[in-house]
Amino acid sequence: MTTTAPAAPSQAVPLEPAERKPKRKLTPYWLLLPGIVWLVVFFAVPMLYQGSTSLQTGSLEEGFKVTWHFSTYWDAVVEYKWHFVRSFSYAAVATVLCLVIGYPLAYTIAFKANRRWRNVILILVIAPFFTSFLIRTLAWKTILSDGGPVVGALNALHVLDVTNALGLTSGDRVLATPLAVVCGLTYNFLPFMILPLYTSLERIDPRLHEAAGDLYARPFTTFRKVTFPISLPGVVAGTLLTFIPASGDYINAQLLGSPSEQMVGNGIQKQFLNVLDYPTAAALSFVLMALILGMVTVYMRKAGTEELV
Amino acid sequence: MSRILKWVRAHLVVLAGLLALAYLVLPNLVVLAFSFNKPVGKFNYEWNEFSTDAWTNPCGVADMCQSLSLSLRIAVLATVGATVLGTMVAFALARYRFRGRSATTAMIFLPMAMPEVVMAASLGTLFLNMRIPFGFTTILIAHIMFCLSFVVTAVKARVMSMDPRLEQAAQDLYATPTQTFLRVTLPLAAPGIAAGALLSFALSFDDFIITQFNSGPTTVTFPMFVWGASQRGIPVQVNVIGTAMFVAAVALTVAGQWLGNRRKATA
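Chains A and B are the protein sequences, given in the same order.
The letter at position 104 of the first sequence is residue 104 when you use the UniProt record's numbering, and the numbering goes up by one with no holes.
The letter at position 244 of the second sequence is residue 244 when you use the UniProt record's numbering, and the numbering goes up by one with no holes.
Check each hint, because a few of them may be wrong.
[What the hints assert, rightly or not] Not the full set, but computed from the structure, chain B residues with beta-carbon under 8 Å of chain A:
| no. | residue |
| --- | --- |
| 1 | Val13 |
| 2 | Gly17 |
| 3 | Tyr23 |
| 4 | Leu26 |
| 5 | Tyr45 |
| 6 | Ala92 |
| 7 | Tyr96 |
| 8 | Thr104 |
| 9 | Ala113 |
| 10 | Met119 |
| 11 | Asp206 |
| 12 | Pro223 |
| 13 | Ser230 |
| 14 | Gly242 |
| 15 | Met245 |
[Stated by the list, open to error] Pairs of lysine-lysine, DSBU-like flavour, derived with a Cα cap of 30 Å:
| no. | chain 1 | residue 1 | chain 2 | residue 2 |
| --- | --- | --- | --- | --- |
| 16 | A | Lys302 | A | Lys225 |
| 17 | A | Lys81 | A | Lys302 |
| 18 | A | Lys270 | A | Lys65 |
| 19 | A | Lys225 | B | Lys6 |
| 20 | A | Lys270 | B | Lys42 |
| 21 | A | Lys81 | A | Lys270 |
| 22 | A | Lys112 | B | Lys42 |
| 23 | A | Lys112 | B | Lys264 |
[Stated by the list, open to error] Which bits of chain B does chain A cover? Going by a derived footprint, with three or more residues having C-beta under 8 Å, they are:
| no. | segment |
| --- | --- |
| 24 | 27–38 |
| 25 | 120–132 |
| 26 | 207–216 |
| 27 | 248–260 |
No lab work stands behind these hints: they were computed from the structure.
Cβ coordinates follow ideal geometry from the N, Cα and C atoms, glycine included.
Okay, chain A solo, but in the shape it has when bound:
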């Protein structure tokens, strides 16, 4: 893999540094070349190209031309404004749920489980990845089915009354409601929250907990003042790894929701694959990308300053 040719050992030893210096300087570029070219051609160029596509008008038969048709953006955003609202609110709720559900599990793996159990639980967290996520998402259709045990239990505990009042469910159904979509999103991206949380928790020296206890900190104070601040990098990484894919997802909305739960991803997919209106699809995905990049930048700045305090 190194491009420097092996020299004859007898004379190479003394001569090596002077002889190989110019080649050495180029080595990293040769190593980078194929991978970076691949990313530039198939990732960066398409991104920029999409910007131009979004300003084109025309049809598939006649061909598309760049006409600086900025109103595509306006029309797309007006048509899909609720899709954007739903995308970001579902993704935000799912991210918070992932944090609340994932933190105790990551904490358990890091501090409460012995070595054998730690490995078993980690395998159980990662192994679902190997069953196609479409199949696993479809399984939620069975779990949340009308009149099934889960819906029955939620009804008996009056949870559905609360979610009905919040507009998350309607009547006796969970499927085809926002609750089902959020539940699917939370489920699908939970491992992306747990793994970075676990990595940041695992590094904490347990003696810090003992020290906090020796200084008369109660368990919750120890968590608030010691454990959680140290795990913040994991929290930031986990929330980003959950929020970004969740806000672009369209599978959960399609499989578990009804047309009134559709997200921006559904809009892009429909415009690209069914309507064949590529400028609108490009404009939508450009807006989605810009909004996400903006939010991520603000969030990372905020999280960074919080970490310093």
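On the provided structure of chain A, position chain B as indicated by the hints.
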């Protein structure tokens, strides 16, 4: 009663953790259970009757096993491509200081920070405009593109943590650069490369969003087949494949760990 409450309070975190684990594993158990179902209609959502029909005839559904083999072929090729390209980039980033290093790091990071649908739509638009027909090649190109960054991250972490003195020692013992690389550097980096390759394989095999935007009508991967089936009617065999994949993954991980422990014990 108060004793029970005390116990619950003392173990609150573990109990919450186990509930989260149940939430993660539940769908897999449902997939397993329903692989033994004999559904009434076309959809396999409601329990009807125990049956092993699907397990004895896993390829009994038209086109499903073809889609499975297509997915496997793409995943293997994408893994090889992404692992070779990604390992090279990782070595350059971990071992050399050069101009354009931070731009390269950003280039590696961006695909991981982008929603899949954005990458999918933009690459699809490019292929369309270049009049490149969608099919096996376009799927493969897309998969190598999004797997690359994950390989770089995994391999780079490993190479950074390697002790450079081991390679210096090899050179002190008159190993040529090639010998040093093949006998010292590569074996040391192998766990990182293996992790990156495994991740690529899993990501490529399971990818749906990017594949849907970049595949032609005749190239139906397994996730595409499941998607199509979810609209028309899902054969029980889909659950058989899902369960078999889950069991194989767990078995491989356990076997790998067991082997690793034994090696440690004998070393």
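Results for each hint:
1. Val13: holds, 5 Å
2. Gly17: holds, 3 Å
3. Tyr23: holds, 7 Å
4. Leu26: Constraint on Leu26 (chain B) satisfied, holds at 7 Å.
5. Tyr45: holds, 5 Å
6. Ala92: holds, 4 Å
7. Tyr96: Cβ of Tyr96 (chain B) sits 4 Å from chain A, so the hint holds.
8. Thr104: holds, 6 Å
9. Ala113: holds, 6 Å
10. Met119: holds, 7 Å
11. Asp206: Given a least distance of 5 Å, the restraint on Asp206 (chain B) holds.
12. Pro223: holds, 5 Å
13. Ser230: holds, 6 Å
14. Gly242: Interface hint status for Gly242 (chain B): holds (4 Å vs cutoff 8 Å).
15. Met245: holds, 5 Å
16. A:Lys302 x A:Lys225: holds, 19 Å
17. A:Lys81 x A:Lys302: Within the cut-off at roughly 26 Å; holds.
18. A:Lys270 x A:Lys65: Between Lys270 (chain A) and Lys65 (chain A) the Cα gap is close to 22 Å, so the pair holds against 30 Å.
19. A:Lys225 x B:Lys6: Judged against 30 Å, a Cα distance of about 24 Å means the pair holds.
20. A:Lys270 x B:Lys42: holds, 25 Å
21. A:Lys81 x A:Lys270: Satisfied, since the Cα-Cα distance of roughly 15 Å is no more than 30 Å.
22. A:Lys112 x B:Lys42: violated, 45 Å
23. A:Lys112 x B:Lys264: holds, 25 Å
24. 27–38: Answer holds; 5 residues pass the 8 Å Cβ test.
25. 120–132: Our answer is that it holds, as 8 residues pass the Cβ test (under 8 Å) against chain A, meeting three.
26. 207–216: holds (count 4)
27. 248–260: holds (count 6)
The earlier numbered hint that this structure contradicts is number 22, and it is the only one.
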